[in-house]
Amino acid sequence: SQQGEEDPQALSIQEGENATMNCSYKTSINNLQWYRQNSGRGLVHLILIRSNEREKHSGRLRVTLDTSKKSSSLLITASRAADTASYFCATETSGSRLTFGEGTQLTVNP
Amino acid sequence: GEEVAQTPKHLVRGEGQKAKLYCAPIKGHSYVFWYQQVLKNEFKFLISFQNENVFDETGMPKERFSAKCLPNSPCSLEIQATKLEDSAVYFCASNLGGFGTEAFFGQGTRLTVV
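Chains as they are written, first to last, in this note's numbering: chain U, 1 to 110; chain Y, 1 to 114.
No lab work stands behind these hints: they were computed from the structure.
Note that the coordinates shown come from a computational prediction; the quantities given were computed from them, not determined experimentally.
The beta-carbon is built from N, C-alpha and C at its ideal position, and this holds for glycine as well.
Heads up, some of the hints might be wrong.
The calculated BS3-like cross-link candidates involving lysine-lysine, where the alpha carbons are at most 30 angstroms apart (straight line), are [stated by the list, open to error]:
1. U/K70 / Y/K20
2. U/K26 / Y/K40
3. U/K26 / Y/K62
4. Y/K40 / U/K56
5. U/K69 / Y/K44
Computed list of chain Y residues with no C-beta within reach of chain U, every gap over 12 angstroms [to be verified]:
6. E15
7. G16
8. K18
9. G28
10. Q50
11. D56
Take the sequences, apply the hints, and build the full model.
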């Protein structure tokens, strides 16, 4: 079964709005990472949050991690049409192996 | 190179034929990973290498899938006797290794088995 479950599966917003995506996982982790995938392309690393961190920022991205609830959220502020993509959370356990969630398809309408 | 290079971009094989996919990791990266993505979601881990040694192969369907990373050659993923359910995009990734290091992904090879 999938380690991570993401919700919503799909999200459609207007440019300028904020987008929030959630991810839940099942096992203990060393860190959690968020990746973006544009249609037909590979994954691009966005941000990593370690298990002893609760919140992290990078530009318009804000990630939170709640290890007691085994959940994380990714917030994209002031969204742009170029943010349209699928977003995946991934947990790293042993040997740098990543276990991915099922992804959230974000559409930002101009 | 500065990016993970995967070839070919697209591969079409008849059921039962062999498919071979290639990946050149970023120079200096010790770890190479193969993932399978079916239906635009669900990335499934297949195998990882530390340099030329298999590090974790727990995701590999052992009967028909094999992979190698030999010195001075691109890494390869080979599927013998392909089946319809092997149709997917296969991604290669590399990183420096160790916890918390960013993985760099290639653009993927789309395998279609007909």
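Nearest-CB test (12 angstroms) between chain U and Y/K18: holds, 24 angstroms
Check the non-interface label on Y/D56: least C-beta distance to chain U beyond 12 angstroms or not. Violated, because the least Cβ-Cβ distance between Y/D56 and chain U comes to about 5 angstroms, which does not exceed 12 angstroms.
Non-interface claim for Y/G28 versus chain U (Cβ beyond 12 angstroms): Given that every Cβ of chain U is farther than 12 angstroms from that of Y/G28, nearest at about 15 angstroms, it holds.
Decide, holds or violated, for the assertion that all CB atoms of chain U are farther than 12 angstroms from the CB of Y/Q50. Label violated. Min Cβ-Cβ 8 angstroms, cutoff 12 angstroms.
Pairwise hint evaluation, Y/K44 against U/K69, where the allowed Cα distance is 30 angstroms at most: holds, 24 angstroms
Starting from Y/K40, check that the Cα of U/K56 is at most 30 angstroms away, please. holds, 28 angstroms
Non-interface claim for Y/G16 versus chain U (Cβ beyond 12 angstroms): Given a closest Cβ separation of 28 angstroms, the condition holds.
Between U/K70 and Y/K20, does the CA-CA distance stay at or below 30 angstroms? Not OK: U/K70 and Y/K20 at ~38 angstroms, beyond 30 angstroms, violated.
What's the verdict on U/K26 and Y/K62, does the C-alpha distance respect the 30 angstroms limit or exceed it? holds, 26 angstroms
Could you check that no beta carbon of chain U comes within 12 angstroms of the beta carbon of Y/E15? holds, 25 angstroms
Need the status of pair U/K26, Y/K40: alpha-carbon distance at most 30 angstroms? holds, 22 angstroms
When the structure is compared with the earlier hints, violations turn up for hints 1, 10 and 11 and for no others.
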